[in-house]
Each structure stands twice: as structure tokens, then as C-alpha cells.
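The chain contents come next:
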Amino acid sequence: MNLSSILLFIISKMNGERTINASLHLLRGKKSGQTLQDVEYFAVKPFFGILPKLTDKEFQKAAEKLRISAFIVEEDNLIRLTAEGASEVNKQEDYHFRGWDYRGREVVFFKRLALAVQTVSNLREGTHSFLPIESDRDIQLFVKRLFYRKPITSPHFAKEIGDELKKALIGCGMSDKQKFIFTGRLTGKRDTAKTWDQLARELEEQLDSIRLQFIESLHMLLDEIHSLDEYPILRLISDDIKVQTYLTDSAIRTKKLFEEGHSLGSIAEIRQLKLSTIEDHLIEMAMNESSFPILRFVSIEQMKAVIAKANSLGTKRLKLLKVAFPSLTYFELRLIMAVNEKGVV
Amino acid sequence: MNLTEELQRRFGYTEFRPGQQEVIEHVLEGRDTIAVLPTGMGKSLCYQLPGYLMNGSVLIVSPLVSLMEDQVAQMRKNGEKRVVALNSFLSYSEREKVIRQLDHFKFIFVSPEMLSRRTVVDYFRKLQLALIVVDEAHCISQWGFDFRPDYLRLGDFLKIIDRPPILALTATADQKVMFDIPYYLQMRSPVVERQSLDRKNICYSVIRLKSSIEKMAWIKNRVSTTTGPGIIYTSSRKRSDELAKELQSIGVSCQSYHAGKEQDDRSIIQSQFYNGELDWICATNAFGMGIHIGNIRQVIHEHMPSTVADYSQEVGRAGRDGLPSVATLLYMQSDEQLTSFIIQTDIPKEEQVRYYNNLLIDGMAPEEAAKLAGLSETGKRVIDYYMERFEVVEIIEKLLSLAEEKNTELQTMLSLIVTTNCIRKNILSYFGEESNLKIPQCCSNCSLPEMEWLTVEKPSMNKHAIMTWDERITKLLG
Ligand SMILES: Nc1ncnc2c1ncn2[C@@H]1O[C@H](COP(=O)(O)OP(=O)(O)OP(=O)(O)O)[C@@H](O)[C@H]1O
Ligand SMILES: [Mg+2]
Ligand SMILES: [Zn+2]
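So the sequences go chain by chain: A and B. So for the first sequence, this note's numbering puts the first residue at 6; every next one is plus one. So for the second sequence, this note's numbering puts the first residue at 278; every next one is plus one.
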């Protein structure tokens, strides 16, 4: 797994329908109407925001690699796979990212864990003063609250955390290499964590590959912690990490007005936003909320017809659909496609 | 009050180091004080101890964010909870939180640019301050990457408040600095407490080489046959990354450190270095001034710094435990041009200033105008500062004289390198000190006897023993 292999996989999903930049926005977790829709249309939620700090340079390098290997080609700015590219994708192993659920917050979880481990690792041996590996005040305060009235100096307590961690690492199904990377980033009394460089050197792999395996392992671990009741301490540490609502803050405000019965035009006026932005918010709601009242906008018949056409055309490109259904607006078409992806129809 | 008892009780030290007690007494008497004490001699104590004995908070103005955070962490480690850092790297909400609770803290570190914000200053005005400290006060007269017009603005802040005494701390004060400090900080008849800046346990060595290939070879040989921990200073972030890679490839335990690295990796590297898990760090000057790690045995300059002040700051990281240490500077002919080039690109040219000014008059946004005029970030900051005060012609004149000044400093640094006289004496004379001390391990121009302690038997290999993942958890948590 590395950045180009993931990029290839994403391109295979958006095959021929998006520019290369759509993948960049997806990986960075851009919260724009377009990207949020793409996530749903192309079933690429797992990759949303897995690399919030991805630079243009790194991204272009990964894309260039795919071009040189002739896995992808560009036509009219749209990117699609070549036959070699398609067969390469088939050879890939499954990915276990859960980007949509964690959106970069998984790293916060790890920072808390790292500081918690460092703290008990020192205290269990009677060392009360050490330089915290996390300088972020919020993380420090979290760990302080976490350990409030806990037997933090007891070696038993440390071992309990260690045992729980071991069990969860095995239980979540991450690879042995991922376990090595994960534990390598933990600091204790005598052992400081390793830098990304050091891990890459020890494992003889590229940096991007190591980072991605690390992020994936965090997603797997967090899922494990949330799905079983056997990890009391890790559950506390992962408090608040999973996104609570899938809507953006702005969409939440629109939703409130919508539920109070305002029309889209009146919401746009109240919020001093463009109508198209309000429409984006409704698309977001349609994608994420099963109770979205789609029938206020289109009829069942219209939905069925559009979906049938989309399937027979084998495309999700709105322009083509618009030609087939001139009486429907782009907004209505987008709503139908959004609800359809959710599998409601 | 018996100060030595307080020292013993609060810090566990039996006696003051030269100069400390005097400085502390002046401060307690409420006098503005300039303390010039050598690197690593305990300037921090000069405000920490009085802080405990006075009512109110101590405000410490500190030039580098990394340094500030390091000092906060050290103080917390030593059990002082009421300490906090306020800088522009904090998120907006974090900063608001800190500002609202300012009076909970005994020691408040703040970056100069924070003090040029009205809202922040208003909060400080309401606070009961016992003492204002300006750490690394020589930065006031410095121009270069770390030049901070904000430092100059400090004077405005100090002027407007009915203020407590000011304590200025530095280890590198030449005549100009000694003039600038009281002037810009608006000090009121300050007492100067000055100790010899000589670091007797550091031996200076300059090695002339013909090419960068020779430099590389020298460093490789040096780090694999002599003892760490050590710092290798390079001219850029990119260079320190490259060098670290090269050294890793021959099995040296080494990492690069600079402001471009992500925060987690930086703390990991510092922590490995503190714990002796890492022998060498290739760094830019981000890992310099004020950083305190006791047992650094060697400082190597792959590239010459542009001023003697920078040089002695960086060298000052060595031997803070008092044990013998070596500072080695590698030099080849073309270094002078490169350094001079780096310096000059930072200073805006006449055309740039005029162009920038015209764009502003035309109503363009400053950021955009700076970009069009090709100004560096530092360059823009400086011009902006001057524009508040001077006419364009005056600014151009000032910039010219700054460029000249910078060049003179570079020449002084160079003369230190090419001299055949004692290097130590040279450095000291730069700070206006005379010294006739004979030190056995003095410098490469005096006699340099074999230093046995420096050599190690075999190259230091990567100290991370490979453990399996569950062994590692067991090791950390039992
Ligand atoms: N009186 C003392 N006795 C023993 N150790 C001391 C004493 N005063 C200070 N120290 C120790 O000396 C070390 C260096 O102190 P500090 O970091 O304050 O140096 P500094 O003068 O600020 O150096 P720099 O110029 O590099 O910033 C610290 O570990 C400090 O605890
Ligand atoms: Mg200091
Ligand atoms: Zn000498």
C-alpha cells in the first residue's frame, strides 16, 4: 500500500468521470458540496480525509508515477484507467480505511493514547517528572482528566492498559507490520518512539506507505474498540473521536431552518448564502439522513426513471442525465442520485 | 532573607553561580537590570527565583517558539505548574483560554509579536506583573532570519504601562547590543551585571577543507570515530535532511531537526536525544539558542554562521554539564560567498522598496504587493515596521546601512576563521573582553593536545534494538 496504489483505486471508482483533483480533495477531506457528493456517488467514503495534510507536491508525484506506468490516462482533463491500470487494481489487497467516520480525528486518539502510555510507563516505575511527548495542551488536559482518581502509579494499572492494548491490536485484524509501526510510535520510560524516518528505514519502506498503514491501523483499531465491550480504557480514550454527525456545521444550520418549514429561497435569504450552497446542503442531508423527505422534491416515478437511465447509461455524469430528462433540474437530478446511492430506492 | 537558603530550598543547588546572586538582588530591589552571563550558566534562574519571592506574575519575552515551549516543558517537569506559553502558534480558542486565565500563572512566556497586539496588551495591563524578562535580549539588535521588528515594538509596550522592573538576559553582548538593549527596551538607568563570557570547557577548532566532498568525508569519519552526543549545524533544512540521510546510511544514529518537521517527530527526536537514544542531530539554527541538554560533547559547523554572536550561541549548546567539549567549524573558500548571498537575499533592495510602496499607494493589499515586489517574509515585516516610522528615502538608507552592517559582521566572523591567533581570545575580544588565561585544550591555533576522551572504540550503531510489537508493549507497560 502506498499513495499511488490508493490513488489508483480511487481513480478506478471515479473512472473517467472526474479530474485528478477530485481525488486530492477526497484524500484531504475537503468539505465542499462537490467532494461530499463524490464520496457518495463513487462509494469512496473510506478514503475521505485520510491525509488532511497531503501536499500538492506529494500528490502530483504519486499521480505521475501512475502516468509513467501507463495505469492512467487523461482525456479532456478526466482521468480514467487503462487496461493495465484495471488489472493492477484487481491485484490490490483490500483496504480497511474508515475515513468518513474519523476524518483525521484518529490522530487525536493516538496522541491521547501515546501520552497516556508514556505517563503510566513512567509512573509505574516511580518517575514523576518527564518531558511529555505531546505538547498540545488539549491532549494533556484530556489525559489528566482520563486518569483522575485512577491508580496511575500502580504497575497493575499499567499492565492492564498494556494487556487491553495487546488484545485490541490482535482483535482488530491489523497486519503484524502495522502492529510494529503502531507500537513503534509509542513512548515509554526508557524507550522513546521512533520517527517516521526511523520506521521507514527499519522496515525498508517509503514514508508514505508507512504513514498510510498507520492511519489504516488506527481505523481498524477504533472500529474494534467501538464494536466490542471489552476495551474499557481504550473506549474512554477514543471518546468523541468518531464523527457524531456527518453533516457540515453549515449544513446543520440549513437543516434546522428547513425543518422549521422555510423554503430553500428563504433559507438562502436568511443565511445570506447563495441558493446553490443551500442546495448543496440539502444534497448532504439527502445523502446522510434516511428520513430525508425526497418526495417533497420529486415523484417516485421520476426517481425510478432516472435511476434506470443512469444504470443503462452506465454513468453518473449529470450532463448526460440532464439531456435525457430536460424537465428535471440539476438539483433534482442530484437529489435522486444522492438518495439512490444510499440504497433507499 | 537569605537567598542561598531559598536557592537550596527551591532548586536544590548549594550555591549561586557567578553573577546570579547579584542579578537577583538588583531585581528584588526593583531595578532594571542587564545580565550578561555565558551560555549555560543559569540565566533562567535569575528570574525564576525572584519570581517566587515577589508578588504577581513574571512575564518572559522569548524570541523563538521552540525555545519557549522547551522552557515551559522543563519548568513543568521540575514541578512548576503555573507556567504557560502564549504565542501565535496556539489556535485561536487555545489562546483565548490562556488569556482569560492569565492571572492563574506565575510564569508567562510570550513571543514579541503577541505583545504588539492591542487586545493582548490590554490583558497584560490588567495583570499584576512582578517582573518583565527579555530573554536572549541580543535579538533586539539582530538582523537576519530571526530579526523581529516586533522586538523593536517591545519598547512601545514597555513605555505605556506603569511597569515593574525589566531584566534583560543575554550571553552574546557586544558594544552595539549593550547600547541597543537599554535604548529599545526603554530601561531606566539599568545596572549591568557582567561575567566573563568564556566557556573554558569548550575547545575551539577550525578545519580548512577544499571541497564539500572533503567536508562530507571529514564528518563521516568524525562521527563514526568520536563520541556524541553532538549537533551538526547546517545552512538549510534541506541540507540537514540530506546530511542526516548520509550519516544514517553508514550506521550512525542521527536525525535531522528543523522547523519544517512535524511536531510529533520533533518531540520524539528531542526526547531521544535527551535520553541518549540518539547520538547526533543535524540541525538548522532552530535547534540552538537557549536549548538546554546537559551532556552535548561536540558541536560541528558544516557551514559558517553569519555572525560571531550566532556562532557562540550555537557553540554554547556544548558542555553545559561543565565537562570538556569540542566545537569544530569546517571551512572552505566558497563558504564566504554562499553565506554572503544568503544574507543579502534577505535584505530588500531599493527598487523593491519603491515598487512595494507604489503598489501600496495604488491600494493593493500588502500581501499581494509584497509578492509582486519579490519581498521575502522577513523583508516585508521589516519594511512594514519601518514604514510606520519613516519616509521611503530614509528606509532605503537604513536598509543600505543594515546590509553594510551585516557584511561587517560576516567579515568579523571570517576573521575569526582565518586568524592564526587564539580563537578563544578572538571571540572574547568581540565581546569586549580581554583574556590572558592559558587553557590546556584551548583551540586549534594554540596547541591542541590529543583528546583521548573524544575517541570511541567502534562506530555507534543504531541503538534501537529490534523488538516485536508485543515485547515492546510489555517493555513499556509491564
Ligand atoms: N546555581 C546553580 N547551581 C547549579 N546548577 C545551576 C545553577 N543555576 C542554574 N543551574 C543549571 O544550569 C543549567 C543551564 O541553565 P540555563 O538554561 O538557565 O542557562 P542559560 O544561561 O539560560 O543558557 P543560554 O544562554 O544557552 O540560554 C540548568 O540546568 C540549570 O538548572
Ligand atoms: Mg537561556
Ligand atoms: Zn587558543
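Check the hints yourself; a few may be wrong.
Said to hold, decoys possible - Straight-line C-alpha distance at most 20 angstroms; calculated EDC-like pairs for lysine to aspartate or glutamate: (1) B/K515 / A/E169; (2) B/K354 / A/D141; (3) B/K752 / A/E209; (4) B/K522 / A/E209; (5) B/K752 / A/E165; (6) B/K354 / A/E169; (7) B/K354 / A/D61.
Simulated from the structure, these hints should not be mistaken for lab results.
Hint by hint, work out which the structure violates, then give me just those numbers in ascending order.
-> Hint check: 1, 3, 6, 7 fail, others pass.
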